[in-house]
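Protein chains: 2
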Amino acid sequence: MRLTRYFLPILKENPREAEIVSHRLMLRAGMIRQQAAGSFSWLPLGKRVLDKICNIIREEQNRAGAQELLMPTIQSAELWRESGRYDDYGKEMLRIQDRHERDMLYGPTNEEMVTDIFRSFVKSYKDLPLNLYHIQWKFRDEVRPRFGVMRSREFLMKDAYSFDLDYEASKAAYNRMFVSYLRTFDRVGMKSIPMRADTGPIGGDLSHEFIILADTGESAVFCHGDFLNLQVPGADVDYANDAAVADIVNAWTTPYAATEEMHDEAAWSAVAADKQVAARGIEVGHIFHFGDKYSKPMGASVTGPDGKEHPVSMGSYGIGPSRLIAAIIEASHDENGIIWPEAVAPFDIALINMKVGDAACDQACDELYAALTAAGKDVLYDDTDQRAGGKFATADLIGLPWQVIVGPRGIAAGEVEVKNRKTGERETMPLTAVAARFGMAA
Amino acid sequence: MRLTRYFLPILKENPREAEIVSHRLMLRAGMIRQQAAGSFSWLPLGKRVLDKICNIIREEQNRAGAQELLMPTIQSAELWRESGRYDDYGKEMLRIQDRHERDMLYGPTNEEMVTDIFRSFVKSYKDLPLNLYHIQWKFRDEVRPRFGVMRSREFLMKDAYSFDLDYEASKAAYNRMFVSYLRTFDRVGMKSIPMRADTGPIGGDLSHEFIILADTGESAVFCHGDFLNLQVPGADVDYANDAAVADIVNAWTTPYAATEEMHDEAAWSAVAADKQVAARGIEVGHIFHFGDKYSKPMGASVTGPDGKEHPVSMGSYGIGPSRLIAAIIEASHDENGIIWPEAVAPFDIALINMKVGDAACDQACDELYAALTAAGKDVLYDDTDQRAGGKFATADLIGLPWQVIVGPRGIAAGEVEVKNRKTGERETMPLTAVAARFGMAA
Numbered sequence: 074m075r076l077t078r079y080f081l082p083i084l085k086e087n088p089r090e091a092e093i094v095s096h097r098l099m100l101r102a103g104m105i106r107q108q109a110a111g112s113f114s115w116l117p118l119g120k121r122v123l124d125k126i127c128n129i130i131r132e133e134q135n136r137a138g139a140q141e142l143l144m145p146t147i148q149s150a151e152l153w154r155e156s157g158r159y160d161d162y163g164k165e166m167l168r169i170q171d172r173h174e175r176d177m178l179y180g181p182t183n184e185e186m187v188t189d190i191f192r193s194f195v196k197s198y199k200d201l202p203l204n205l206y207h208i209q210w211k212f213r214d215e216v217r218p219r220f221g222v223m224r225s226r227e228f229l230m231k232d233a234y235s236f237d238l239d240y241e242a243s244k245a246a247y248n249r250m251f252v253s254y255l256r257t258f259d260r261v262g263m264k265s266i267p268m269r270a271d272t273g274p275i276g277g278d279l280s281h282e283f284i285i286l287a288d289t290g291e292s293a294v295f296c297h298g299d300f301l302n303l304q305v306p307g308a309d310v311d312y313a314n315d316a317a318v319a320d321i322v323n324a325w326t327t328p329y330a331a332t333e334e335m336h337d338e339a340a341w342s343a344v345a346a347d348k349q350v351a352a353r354g355i356e357v358g359h360i361f362h363f364g365d366k367y368s369k370p371m372g373a374s375v376t377g378p379d380g381k382e383h384p385v386s387m388g389s390y391g392i393g394p395s396r397l398i399a400a401i402i403e404a405s406h407d408e409n410g411i412i413w414p415e416a417v418a419p420f421d422i423a424l425i426n427m428k429v430g431d432a433a434c435d436q437a438c439d440e441l442y443a444a445l446t447a448a449g450k451d452v453l454y455d456d457t458d459q460r461a462g463g464k465f466a467t468a469d470l471i472g473l474p475w476q477v478i479v480g481p482r483g484i485a486a487g488e489v490e491v492k493n494r495k496t497g498e499r500e501t502m503p504l505t506a507v508a509a510r511f512g513m514a515a
Numbered sequence: 074m075r076l077t078r079y080f081l082p083i084l085k086e087n088p089r090e091a092e093i094v095s096h097r098l099m100l101r102a103g104m105i106r107q108q109a110a111g112s113f114s115w116l117p118l119g120k121r122v123l124d125k126i127c128n129i130i131r132e133e134q135n136r137a138g139a140q141e142l143l144m145p146t147i148q149s150a151e152l153w154r155e156s157g158r159y160d161d162y163g164k165e166m167l168r169i170q171d172r173h174e175r176d177m178l179y180g181p182t183n184e185e186m187v188t189d190i191f192r193s194f195v196k197s198y199k200d201l202p203l204n205l206y207h208i209q210w211k212f213r214d215e216v217r218p219r220f221g222v223m224r225s226r227e228f229l230m231k232d233a234y235s236f237d238l239d240y241e242a243s244k245a246a247y248n249r250m251f252v253s254y255l256r257t258f259d260r261v262g263m264k265s266i267p268m269r270a271d272t273g274p275i276g277g278d279l280s281h282e283f284i285i286l287a288d289t290g291e292s293a294v295f296c297h298g299d300f301l302n303l304q305v306p307g308a309d310v311d312y313a314n315d316a317a318v319a320d321i322v323n324a325w326t327t328p329y330a331a332t333e334e335m336h337d338e339a340a341w342s343a344v345a346a347d348k349q350v351a352a353r354g355i356e357v358g359h360i361f362h363f364g365d366k367y368s369k370p371m372g373a374s375v376t377g378p379d380g381k382e383h384p385v386s387m388g389s390y391g392i393g394p395s396r397l398i399a400a401i402i403e404a405s406h407d408e409n410g411i412i413w414p415e416a417v418a419p420f421d422i423a424l425i426n427m428k429v430g431d432a433a434c435d436q437a438c439d440e441l442y443a444a445l446t447a448a449g450k451d452v453l454y455d456d457t458d459q460r461a462g463g464k465f466a467t468a469d470l471i472g473l474p475w476q477v478i479v480g481p482r483g484i485a486a487g488e489v490e491v492k493n494r495k496t497g498e499r500e501t502m503p504l505t506a507v508a509a510r511f512g513m514a515a
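Residue numbers (this note's numbering), protein chains in the order written: chain A, 74 to 515; chain B, 74 to 515.
Be careful, since some hints might not be right.
Said to hold, decoys possible - Covered stretches of chain A, as calculated for chain B (at least 3 residues, CB under 8 Å): (1) 139-145; (2) 170-181.
As the list claims (entries may be wrong) - Reference excerpt, derived from the structure (chain B facing chain A, CB under 7 Å, subset only): (3) ALA109; (4) TRP115; (5) LEU116; (6) PRO117; (7) LYS120; (8) ILE147; (9) ASP171; (10) PHE194; (11) TRP210; (12) LYS211.
In case anyone wonders, no lab produced these hints; they're calculated from the structure. Note that the structure is a prediction, hence the values are computed from the model and not measured. The beta-carbon is built from N, C-alpha and C at its ideal position, and this holds for glycine as well.
I would like the entire structure built from these sequences, with the hints used as guidance.
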């Protein structure tokens, strides 16, 4: 993409309304724009990151056996009256009446609707296990939305729902999602730590939050240092093997880890002092097992091998992709801007032409742009007539992993500079070596 | 995907509520489920089609120079008061109050919001042309939603918005979208005919609908037979060449074509009788040029080359992907079910094991499934213990382009049968020839 044709509204000044660094950097980098309290447009640069994040989530959900569907945003109040949550949910639920004065609501979550889908089609234990997920907009009418997309009212959520015959099978389904979350956060470039959590309004008896460590994190967390060395399961994890999956979960839940709310000073003091990691973290995922909390009142039952009706045992599993993006920025930035992990960067490479209009620079850039693009790299080519300093500032701000810098002096010697955004390391190399540098056949 | 693990709730009976064939077939094929009046979940099979359709739309929007962003579903009423449409829009607009009693609405379209984004960032003609689009859920509170996803209340829409300095540039932007629509509908396997249209509540002075011909179409249309032979522009169309693009539009707007509303008997009678095509059609796209209708009241202006402020000239361009899917089914089905065009089929191949449990059949199917999947084909493997007749009926109903049928008698002779869903043609071939049949190295 040529920057002269790209809608990238960079802000030079720090926006006053942004209280945290991710919000500030997303606004400054032209990723988002606020449309109303707690409501944001994703501008083209932000949309690219959102797509990359969602694709990774999707791949890992599918790998773990979950199936994607798509439920509507607007729900009938009837369903929520069945589960008893319509009155419980309070003012966070955005309630709506249509032209026929029917009570509706903008879904804050989908337990009721997915249970309704399940009960209308699935009648036998033979059709289990089943795990259905979607990635859809949700709305929670927070009193005071803030921190940009970290706590917005309209936000994207991947929510999965598992259905099983009994507790044991349901625990296995929970474990598969647990492992898929470890892999998902690892793939987006983050170290996540699962922590035992409160179940809150979703209900249930077993729940973990996945926390990313970041100095600017919203809450204090306490964990054993061993977490930092635990191996994340590979792409070849055998999700069909319940015991193997349970072993992974066991390894990741044995060392001490707790958010402030669940912190237990006695257990903590048993951790060796040099292994105590007290840090700050951001919740990026939350999984719940809640058994028959919804299936029982809503009549979602299957016939078991015993010929009897059993309310299914359920769990739900959430990741907020929009919130995850903010969390990645909180964990990965410096004073100049964002530092994207390669897997979720909006573009792989910033190609910087220091002197647009100079024939040699223009030609070298055109050739590099064509070669890198043809090789499948996403390149943002800064072909604007801004001065070089401004271009460097923009490239650092938007945080692409690599900068390829083409200037007249270098080109005269047949050379370009390659800068790693994360380490700051610069390398001068022959123009002809750039293709090989990015893993392509020369 | 193995059917034993796939959530595909096929209905054996015709659902009574479905008045048109696409609604009936989408329900029967387990593509959608109604959640409330005019509101549907997209089940896994339907979601796959929706994704394929959206990807084709996206590729053609990008090719024509449009840039993707993503605006929220909930909008502030303030914006609509600026344009004057908040009171005009009537009961079709879903109006909402949040917990602070602020007036909001579920966006039925996005002219106001995108104009607001534009005016806050773009100040100079040098940043034009600009075309921003998104694919996002919309809500229109129809009095009597019906016909399934053909006329639902919550529906997906791709809406693009162009911004230009003057009428001439804006017309060129309109033409680019016109051509990209021709290519989009062609790529999803449909012949579309552009017809001059009323502008309705969007406003403006130039508008075309894109109509797919289908016997079961909602409205009468009249067009010159030459349309059926016009060449759709290739992927190499030069969108940078305004004159070339205008020539294509000219060729596609010269022969007579009109919906019932715009029909002109005098012009029609001038068409040679043997060239008069009177048919039924379904609107699948609508493009509008409306100049400064929104930019003027909302103050979206840029500085021109003359140093003066000019309200930008705008157009908007819509395709309903959910509606398009229904239209494709109306145009492409038979008494046994859906007949998907290859580009949008949820899977490429139905692999049918006629005798699950038979060692030779199971082994042949496992090998075919692995080989076809490894070659990048999307295969739905019917490994259920249903009888063969039921499997054939399901495969015909869900309409995958190819069926590969593996039975014990054929396998004893080293042979399988390959059936083309559209033509019904069957071909018996050696098991070893199947890979080559689907374009793969043997």
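Okay, the hints, checked on the actual structure:
| no. | hint | result |
| --- | --- | --- |
| 1 | 139-145 | holds (count 6) |
| 2 | 170-181 | holds (count 5) |
| 3 | ALA109 | holds (4 Å) |
| 4 | TRP115 | holds (4 Å) |
| 5 | LEU116 | holds (5 Å) |
| 6 | PRO117 | holds (5 Å) |
| 7 | LYS120 | holds (5 Å) |
| 8 | ILE147 | holds (6 Å) |
| 9 | ASP171 | holds (5 Å) |
| 10 | PHE194 | holds (4 Å) |
| 11 | TRP210 | holds (6 Å) |
| 12 | LYS211 | violated (10 Å) |
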